[in-house]
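Engineer: Residue-level listing of the chains:
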Amino acid sequence: MLKTLSRLPSLPLSRSRLLRSSVLAVAIAFAPAVLAPGFVAPAMAQTPGGDIVVTYKDDIATLDPAIGYDWQNWSMIKSLFSRLMDYTPGTPNLVPSLAESFTVSPDGLTYVFKLHKGVKFSNGREVVPADVKYSIERAVNPKTQGPGAGFFGAIEGFDEFSAGKADGLSGITTDADSVTFKLSRPDATFLHVLAINFASVVPKEVVEAEGADFGKKPVGSGTFILKDWVIGQKLSFVKNKDYFQKGVPFIDSFTVEIGQEPLVAVLRLQKGEVDIAGDGVPPAKFLEMTKSPDAAGMIVDGEQLHTGYVTLNTKIKPLDNVKVRQALNMAINKDRIVRIVNGRATPANQPLPPLMPGYDKDFKGYAYDPAKAKELLKEAGLPDGFSTVLYSTNTDPQPRIAQAIQQDLAAIGVKAEIKALAQANVIAAGGTEGEAPMIWSGGMAWIADFPDPSNFYGPILGCAGAVAGGWNWSWYCNKDLQARAVAADSMSDPAKVKEREAAWGKVFTDIMADAPWIPVFNERRIVAKSKRMGGPAEIYVDPTRVINYDAIFVK
Amino acid sequence: MLALLAKRLVQSALILLGVAAITFVLLYALPADPAVLLAGRSATAQTVANIRHQLGLDQPLLVQFWHYLGNLLQGDLGRSFTQKTDVAPLILARLPATLTLMAAGIAMELVIGVSLGILAALRRGGLVDRLVMSLSFVGVSTPQFLVALLLLYVFAATLGWFPMSGYGTAAHIVLPAATLGILGAGWYARIVRSSMIDVLNQDYVRTARAKGLSRRRIVLRHALPNAILPAIAMIGIDIGQFMSGVVVVEAVYGWPGIGQLAWQAIQQVDIPIIMGVTLVSAAAIVIGNLVADLTAPLIDPRIRAG
Amino acid sequence: MTLTPRPTPALALPAPVLEVAHLTVDARTPAGLSRVLEDVSFALRPGETLCLAGESGSGKSVTSLAIMGLLPKASLRVTGGAIRLDGRDLVGLPERAMRRLRGGEIGMIFQEPMTSLNPVMTIRDQLTEAIRVHQGAEDALARARAMLEAVHISDPARRLGQYPHELSGGMRQRVMIAMALSCRPKVLIADEPTTALDVTVQAQILKLMRELKGEFGTSIILITHDMGVVAEMADRVAVMKAGRIVEQADVVPLFTAPREAYTRELLAAVPRLGARAGTDGPPRVTPLPTRFETGGENEAGEETVLSVHNLSVSYGGARNLFGRRGEAQRAVEGVSFALKRGRTLGLVGESGSGKSTTGKAALGLIPFTGEVVLDGTAIAGLSPRAMRPLRRAAQMIFQDPYASLDPRMSVGAAIAEPLVIHGIGNRAERRERVAALLRRVGLTADHATRYPHEFSGGQRQRICIARALALEPKLIVADESVAALDVSVRARVLDLMLELQETMGLAYLFISHDMAVIEKMSHEVAVMRAGRLVEYGTRRAIFEAPHEAYTRELIAAVPMPDPTRRHLAEAG
Amino acid sequence: MFRTLLRRPSLLIGLIVIALVLAGALFAPLIAPYQPDAQMFDGLSLEGAPLPPSHQFPLGTDTLGRDLFSRLLYGARTSLLIGLVANGIAVLIGLLIGTIAGYFSGLVGGTLMRFTDLMMAFPALLLAIVLAALLHPSLWIVALVIALVNWAQVARIVYTETRSLAERDFILAERAMGAGHLRILVLHILPHLVPTAIVWGTLGIATTVLLEATLSFLGIGVQPPEPSWGNIVFESQSYFQQAPWLVFFPGAAILMTALAFNLVGDALRDITDPTQRGRG
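Going down the list, the sequences are from chains A, B, C and D.
In the working numbering, each number is its position in the first sequence, counted from 1, plus 857.
In the working numbering, each number is its position in the second sequence, counted from 1, plus 19.
In the working numbering, each number is its position in the third sequence, counted from 1, plus 979.
In the working numbering, each number is its position in the fourth sequence, counted from 1, plus 526.
What the hints contain is simulated information worked out from the structure, not anything from laboratory work.
Don't take each hint at face value.
[Said to hold, decoys possible] Calculated pairs, SDA-like style, for lysine to any residue (alpha carbon to alpha carbon, straight line, at most 20 Å):
#1 A:1074 - B:107
#2 B:26 - D:640
#3 A:1272 - D:561
#4 A:1128 - B:180
#5 C:1052 - B:142
#6 A:1128 - D:767
#7 C:1052 - B:148
#8 A:1148 - D:767
#9 A:1084 - B:187
#10 A:1272 - D:664
#11 C:1052 - B:213
#12 C:1052 - B:216
#13 A:1128 - B:178
#14 A:1128 - B:169
#15 A:1074 - B:111
#16 A:1272 - D:566
#17 A:1148 - D:571
#18 C:1052 - B:219
#19 A:1000 - B:77
#20 C:1165 - C:1072
#21 A:1000 - B:71
#22 C:1052 - B:234
All chains should be built: construct the whole structure from the sequences, respecting the hints.
Structural biologist: Rendered as structure tokens:
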């Protein structure tokens, strides 16, 4: 998941992966080895040119691909650098990018990528296979302190390297025009891993020359080049004329203005001063905008792989009692909460969002039934309810949602005190054993790094996450389910795709029997763009990029 | 004078040291572990421990503080946990914006406050006086964010006279500076009024009148330089108030100053940035007081003599 | 010049420069109008010095401000009469026209040279300003310098660039005079121009004024409460009381044959230097022979109450960063004296000579070095706790009786305070004692429930004395205790103090800058200058045969309330 | 007293407003038409938008469908409580440190005043933010934080006044009579500082209400659903265009109350200190 450590004025706007079809991305790995990079044919012709303005509230942190891991810099890094694999814009469909072609061994343990010839970094040097090896090793190297190291855990030599016992990843070898990866175990998600930002290719000599400043003066081989960065004010990106795929991107440049209140950004957008309000439409403005005649041209409303939930700490009394947890699940009026967020979400009943492979649309979950909830509490020996604490981040609308939950809980006699804190403090409380009985995940909610159900389990519901400083804030650990999860993840045989999917799906619905979460809703992402901006909605709520700067264009 | 300056400088340095120590202790006690936040969700306990070690967070508080001070003396404010860059350039990049805003705000305060104060003092007890005094009360009683939102809505969003947000041109600074200035002007008006009334009752003003000077000359040449002294002392204190005010104002107007930086850093428990911003604002306050202390003698020769 | 008894024919005498006729001024108060000046009339002839004399509140200053058109508009207003300058009525003249006269035709100087100059402007700016406003800019600077030379200021070129705080009080008053005369006004109004100055400086300034009057041909209205100054300066005198002129006459007849009772009273109250010549002690005010209430000793001067040896007090030396003091300045150095029971030591000197500091150090109120023996105990280095019993032996009375009383405490409580502190008596006993003390100082017992601001200055000083007496001290340090009082009140308070000394055997360390008062009160006199004792001896020795030139200078500088013996202005 | 009131309409107005606010706070349960934290189904439009003032909801509803009028009434309790508690503490600390530092100039006074300077140099809001984050915000913590931020100013003023008092002759007279330090401090210095303390306490309440609002605006104030004027505005600030009543009414309440306290404080200063009459 991406850290959304920032003050989000609206619903959690997080980098999302939109999965339009249920076709498993893994399948692509075994498609004919030469997949031409290309685009979903847009409805209208893209005219090249145009300079656009994008706004964000928060500072852009580093643009170093080995480090950057938040939803603002994610899409910029995507466009500054290229990777072996990428996605078709607006879809979760994997395509080779820097790789001209690739092969996978039948046992799923060896991947060979042949690189495009003549791809150049923006400093003029050609990209060679050694750069790929260097870049991934850099992301894994503990000295980098990169948050993405764990994704590469399947590559041979990972453990030695991350423990500091080796100088590099023994599993990556290169020759004149190709890179070979040897895995220590089958990883059904490995091609996705090579498409995430941490696998971006960087030029070693520049990284070493710039040292710590590389994140502020990035050099890559992507569609755009960072021309200028006025810290705290704006970043200017210009089109990389030498990008190895001709005709990409469309716009000549985009300027990211920082420090703009989302509300102000939308007001400016309506006046035509801004083209994309990066932080989306704040709730206050949402209804008005959707009702206005301009709405059709300005509002992009897309689904994302998001679930908002309340964690129930299984190590804190009385939440350690499954009946209590079930009772709480039945107490929440999710329809009302959805109304409070102006209908920008749909009620949820399981951890996985509807568009995620493995989502069980027949699963009913716990229906809203306060009477039954009270009964369950009585059975649990708590006829008069109990007192507890509900944590939430302190940015609108999270405290409001927490209050709605609080009122629902009060209806069955559960008195929840709200602690609305800065995000960092909530995360710290969640990662401390016995500290936070309940946490509303809003603003920090789980969004998959890539469209695979496995990504929704490990850190947030698996035993490995239930440690101090971990992200499994329910402190939930079911050994049986854990075993089934591991089994499902090693099913890398393409023939078993459906089976794997079903296995994962069952894991998530079975988790609900233990009720460590109250899944509340799946939120849609609302983006505001100026009317001159063209293209389908997908490229503004791109499942892999948030905003796909490569694909957007000016009408 | 030089001795005074040296003394005040050392005093200021000690105050900053105190501020650094207090902030350090406070932040150390914050219930959030930067290492965990940095490591991200897919991190193992080993990674977290590694990061903690690399940041020196596993060392005793005193050692950490000692290192921090050592670096500080070399102008090194440490590295931001989240942004992975040196803090000093981050703050330096944003400081001009905040300083510009503060300067504009203070200028507005002074111009509005001093002229209204003089006006009220001259029309003491009259309608103008009462009006000015009432307005000054409304000024100091109004929540800053309310004014910020109101000005934004009226003058930028509705009337479109000024840009809504951003930085760079003179037009951009008007509304944020007005938000800071209009409210603060109330204090200045009150202070200047009261000291002006005081000064106008002084013997030397009577002397000036006995010399047959014009009222204008008496007010501007004789009374004002004396009456302005308390207002100058106020500027030093004011900078402290402004440092708080800019957080709100910068947030509303998207002003790229250190207020926004501070707010983000607090949300992210980015201790080096919080430390840096605290020290810089404390330094601004201290320098402001210092400048006020040193400006007063320029106007008042009596202080010059010590 | 003498006033002719007949109605003044226009041709017989030069026409007055300034004529005030039936001037009436009212004050606006919440309760309505109240009269401040009533039917004030006088005429100022060319080259004449007219003194407006009177005690505080008599309307002297209001008169002068009315002439200048400087009455505070909000509260005071001329409601009748006329002020004619060269025949032109100034009452109701528009501000613009009035402004031309101020500083141009009428100059004015004030009591406090310290505060009457703008502290943030150079002397040059303040001087040239007036010249420029009234007479154009041409040679303002040269004329300013000429004016400074005319008032005999040392190093005038340098003074021009200086700020008021860099000048001494005397120099500032000279600058004020230079400023007031810079446009050669016809009339100079001097409102208590020397009251705030040391006696020697006063003599110089008075002399200067006389000299300049001749030189510039200016007529002077001199406002003063000091009959000595009147006698030294005036051609004619108008005595004011409660907003009226009670008597107006040439100066010699006024002093030799005052017609009005009030004038006589006023003159009688003025202490005259040399009045005690040939005697050893203060005048006896009680008819009976000395009998101390305490009984024990019946011979005054046996017991030494206070002995000070080699006393030094350091001030200043700004604290450095670490709280240590830097190089200190000596405020008092090597002062020694002794004071016996029932006697008064007059400590005299000009401002800044260290008199008050000596007084406070003698009571251990400020840190000092040297030896102070108070009632037989050396107090150096004593803790406040150890000092406490000694406090009963010695008390202090200050210059400003209002400031030395807690405004939030009733008079009774204030007088009882020392008794409470020392745990003397119960509530009822204390109340009785307070009543007795109040009666003792000439007030009544029912005053106890009132608050200080309800009393007049003289009464307040009596209250302070009562409080000082509460502990039946042997010694009272009186620090300029009568300086703030009007002459008539001053005389009565001094008499009270003498009477208390006679009946209770009090010893006084009497600190004053006023030679006449010192002469009246003291048995012994110590003259201080710049922190040191320059002369110390019996009163008679000091006043009748001073050894030191400085002492002689001090005595010579005192204005004599006798116009026939003018010595200050005319001597040099 | 009544005459004084009549002659000072501003004081009268201030007192009336304060009385109204106090009454509203005290009798909130009687006056309020709804529970302050009741999220009513009919309090939101079908799309989830807050409702404008109407017969049913006199000041409209907030974004959770709660009655704004009821929340403002209960919010007055919180805001006033914080104002009084925070200022009480701040004035007490300031009085203690200021008098001690002013009376015992020298090492003790110097140290205390350097510490006060340090607190003055500390960016107040930053301190408040860090402390609030550190201590987990609650009503009392917010009050405490504000007190800790505000005392330094009171201490400075008290210090200056004590210094000038300590040099007055009547204090010297007390010492000459043999009065101990405690007696002088308690009986002769403190009573003179009471008006200052009252005035600053009153003026401070205005600042405090504003600071609480600012803390809430930044999301670190009183915890929801407990209403305070600050967090009511904070929760709804982004609706200032769509639902202006959500910002306007609480904003006006804060403004009016702050104004009232300022007016009263100023008038008190004039009345208790005749020498200051007519000054700022």
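Engineer: Run every hint past the structure and note whether it holds.
Structural biologist: Against the structure, the hints:
1. A:1074 - B:107: holds (17 Å)
2. B:26 - D:640: Since the Cα atoms of residue 26 of chain B and residue 640 of chain D sit roughly 13 Å apart, the hinted pair holds (cutoff 20 Å).
3. A:1272 - D:561: Satisfied, since the Cα-Cα distance of roughly 16 Å is no more than 20 Å.
4. A:1128 - B:180: holds (13 Å)
5. C:1052 - B:142: Since the Cα atoms of residue 1052 of chain C and residue 142 of chain B sit roughly 12 Å apart, the hinted pair holds (cutoff 20 Å).
6. A:1128 - D:767: holds (15 Å)
7. C:1052 - B:148: Holds - the C-alpha atoms of residue 148 of chain B and residue 1052 of chain C are around 17 Å apart, at most 20 Å.
8. A:1148 - D:767: Distance of about 15 Å is within 20 Å: holds.
9. A:1084 - B:187: holds (19 Å)
10. A:1272 - D:664: At roughly 16 Å apart (the allowed maximum being 20 Å), residue 664 of chain D and residue 1272 of chain A satisfy the hint.
11. C:1052 - B:213: holds (19 Å)
12. C:1052 - B:216: Given that 20 Å is the threshold and the Cα spacing comes to 14 Å, the pair holds.
13. A:1128 - B:178: holds (12 Å)
14. A:1128 - B:169: holds (18 Å)
15. A:1074 - B:111: holds (17 Å)
16. A:1272 - D:566: holds (18 Å)
17. A:1148 - D:571: Status holds; Cα separation ~14 Å.
18. C:1052 - B:219: Roughly 13 Å between the alpha carbons, so the hint for residue 1052 of chain C and residue 219 of chain B holds.
19. A:1000 - B:77: holds (16 Å)
20. C:1165 - C:1072: Distance ~18 Å between residue 1165 of chain C and residue 1072 of chain C Cα, so the pair holds.
21. A:1000 - B:71: holds (12 Å)
22. C:1052 - B:234: Since the Cα atoms of residue 1052 of chain C and residue 234 of chain B sit roughly 14 Å apart, the hinted pair holds (cutoff 20 Å).
When the structure is compared with the earlier hints, no violation turns up for any of them.
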